[in-house]
Amino acid sequence: MKTSFLFVFFLVSFSFHAQNWSPSGANWKYSYYGFFPGYVAIAYTGDTLIDGQSSKILSKTFHGIDWNMTTVSYPIGNEITYENNGVIYLRYLNQWDTLYHFQAQVGDHWRMAKQPLTSVCPENSRLKVTATGNKIINSETRKYLVVEFCTPDLSSSGWGQDTIVENIGFTGSYFLPYDQFDGAVDGNEGGPFRCYSHDNFATYAPHFSGACDFIVGVEELATAFTIFPNPVESEIQLSEDLVSRFTHYTLFSLDGKIHQTGPLTQMINTQHLMSGNYVLEIANASQKQFAKILKID
Numbered sequence: 181m182k183t184s185f186l187f188v189f190f191l192v193s194f195s196f197h198a199q200n201w202s203p204s205g206a207n208w209k210y211s212y213y214g215f216f217p218g219y220v221a222i223a224y225t226g227d228t229l230i231d232g233q234s235s236k237i238l239s240k241t242f243h244g245i246d247w248n249m250t251t252v253s254y255p256i257g258n259e260i261t262y263e264n265n266g267v268i269y270l271r272y273l274n275q276w277d278t279l280y281h282f283q284a285q286v287g288d289h290w291r292m293a294k295q296p297l298t299s300v301c302p303e304n305s306r307l308k309v310t311a312t313g314n315k316i317i318n319s320e321t322r323k324y325l326v327v328e329f330c331t332p333d334l335s336s337s338g339w340g341q342d343t344i345v346e347n348i349g350f351t352g353s354y355f356l357p358y359d360q361f362d363g364a365v366d367g368n369e370g371g372p373f374r375c376y377s378h379d380n381f382a383t384y385a386p387h388f389s390g391a392c393d394f395i396v397g398v399e400e401l402a403t404a405f406t407i408f409p410n411p412v413e414s415e416i417q418l419s420e421d422l423v424s425r426f427t428h429y430t431l432f433s434l435d436g437k438i439h440q441t442g443p444l445t446q447m448i449n450t451q452h453l454m455s456g457n458y459v460l461e462i463a464n465a466s467q468k469q470f471a472k473i474l475k476i477d
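For the sequence shown, the residue numbers in the numbering used here are 181 to 477.
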């Protein structure tokens, strides 16, 4: 009887401490770096059934500022996932991709999830495990994997390494590993990992020191400025007042890619830019302002 009691106690204790994928209250936050700052939140919002597979719905929301320098929040889609034997699967193009493989060993590798069939990067880019171990987080032991971003032949892609923590995911990169590659064409959906928590797990933020829901400092919420004339042809002209108050500039295309950056002067050469819409950001140590410009030939 005593043995049976100890066995039941062990099972209950193990169940209580076991980590599950996306439990109640699961919430991830990632920085966002477009021409307006903010963050992306991913949260468990419910369950669904896909081809007979019980799955979890993770809803994505962008929080940031808009053209009027006011805070905004809007949905940017859902991800459908489920866990089986330590592998997290993600639904993409009517099939299940491997998102994370928490049981993988050194040398194991898998194709990056949600990877388009045609892209600027090799279509079978992979994650390769280079080290494994365990770490204590909030009094829980969690496995971690160090993975390298690789080309199809498993040579380095030049994007370095990251760490995947059991039932949390990347601790440096965005939730979706291929997003940083896809951003070269379409703009990134998210950025570096900020923090993770759920109802019974305190906030874990190994590399982010600010508040997880930080958007932008009040001092940065300045009004937008205008450029005259606009459209511009070969150069952008700025007033002496702006040049005296701001120190540097960045030119973004509307997909968030940086096309030009440097110290702020009264004339910014735009001859090499293709015609189209851009965002000019001017900044100093404590403030940013933005202007929309149209480049014509």
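There's no promise every hint is true.
[To be verified] Cut-off 30 Å, straight-line C-alpha distance, at most; resulting in silico cross-link-like pairs (DSSO-like, lysine-lysine):
1) 472 <-> 315
2) 315 <-> 437
3) 236 <-> 323
4) 315 <-> 240
5) 308 <-> 472
6) 437 <-> 472
7) 240 <-> 294
8) 472 <-> 323
9) 308 <-> 323
[What the hints assert, rightly or not] Restraint-style ranges between C-beta atoms, simulated for each label pair:
10) 417 <-> 465: 42 to 52 Å
11) 239 <-> 352: 32 to 42 Å
12) 332 <-> 246: 34 to 44 Å
13) 225 <-> 265: 23 to 33 Å
14) 266 <-> 425: 18 to 28 Å
15) 258 <-> 291: 34 to 44 Å
16) 382 <-> 477: 35 to 45 Å
17) 454 <-> 283: 39 to 49 Å
18) 456 <-> 335: 14 to 24 Å
Everything labelled a hint here was simulated from the structure, so no lab data went into it. Backbone N, C-alpha and C define an ideal beta-carbon position, used for all residues, glycine too.
Consistency of the hints with the structure:
1. Proposed proximity of residue 472 and residue 315 is contradicted: the alpha carbons are some 47 Å apart, above 30 Å.
2. The suggested pairing of residue 315 with residue 437 is violated, with an alpha-carbon distance near 36 Å, which exceeds 30 Å.
3. Proposed proximity of residue 236 and residue 323 is supported: the alpha carbons are some 22 Å apart, at most 30 Å.
4. A hinted pair counts as satisfied when its Cα atoms are at most 30 Å apart, and residue 315 with residue 240 qualifies at roughly 28 Å.
5. Between residue 308 and residue 472, the direct Cα distance comes to roughly 42 Å. Violation of the 30 Å bound is thereby established for this hinted pair.
6. At roughly 15 Å between alpha-carbon atoms, residue 437 and residue 472 fall within 30 Å of each other, so this suggested pair holds.
7. Pair hint residue 240 plus residue 294 holds up; C-alpha atoms about 15 Å apart against a cutoff of 30 Å.
8. Distance hint between residue 472 and residue 323 is unfulfilled; the C-alpha atoms sit about 47 Å from each other, more than 30 Å.
9. Of the pairs offered as hints, the one joining residue 308 and residue 323 holds, with about 16 Å between alpha carbons and a cut-off of 30 Å not exceeded.
10. At roughly 24 Å, the beta carbons of residue 417 and residue 465 sit outside the given window of 42 to 52 Å.
11. For the hinted restraint 32 to 42 Å between residue 239 and residue 352, the CB-CB distance of approximately 23 Å leaves it violated.
12. The hinted window of 34 to 44 Å between residue 332 and residue 246 holds, with their beta carbons roughly 40 Å apart.
13. Between residue 225 and residue 265, the C-beta spacing of about 25 Å keeps the proposed range 23 to 33 Å intact.
14. In this structure, residue 266 and residue 425 break the distance hint of 18 to 28 Å, their C-beta atoms being roughly 55 Å apart.
15. Here the CB-CB span from residue 258 to residue 291 is close to 22 Å, at odds with the stated 34 to 44 Å.
16. Between residue 382 and residue 477 the C-beta distance comes to about 56 Å, which lies outside the given range of 35 to 45 Å.
17. Our hint of 39 to 49 Å for residue 454 and residue 283 holds, since their Cβ atoms are close to 48 Å apart.
18. The given range of 14 to 24 Å is broken by residue 456 and residue 335, whose C-beta atoms sit roughly 36 Å from each other.
Of the numbered hints stated above, those contradicted by the structure are hints 1, 2, 5, 8, 10, 11, 14, 15, 16, 18, listed in ascending order.
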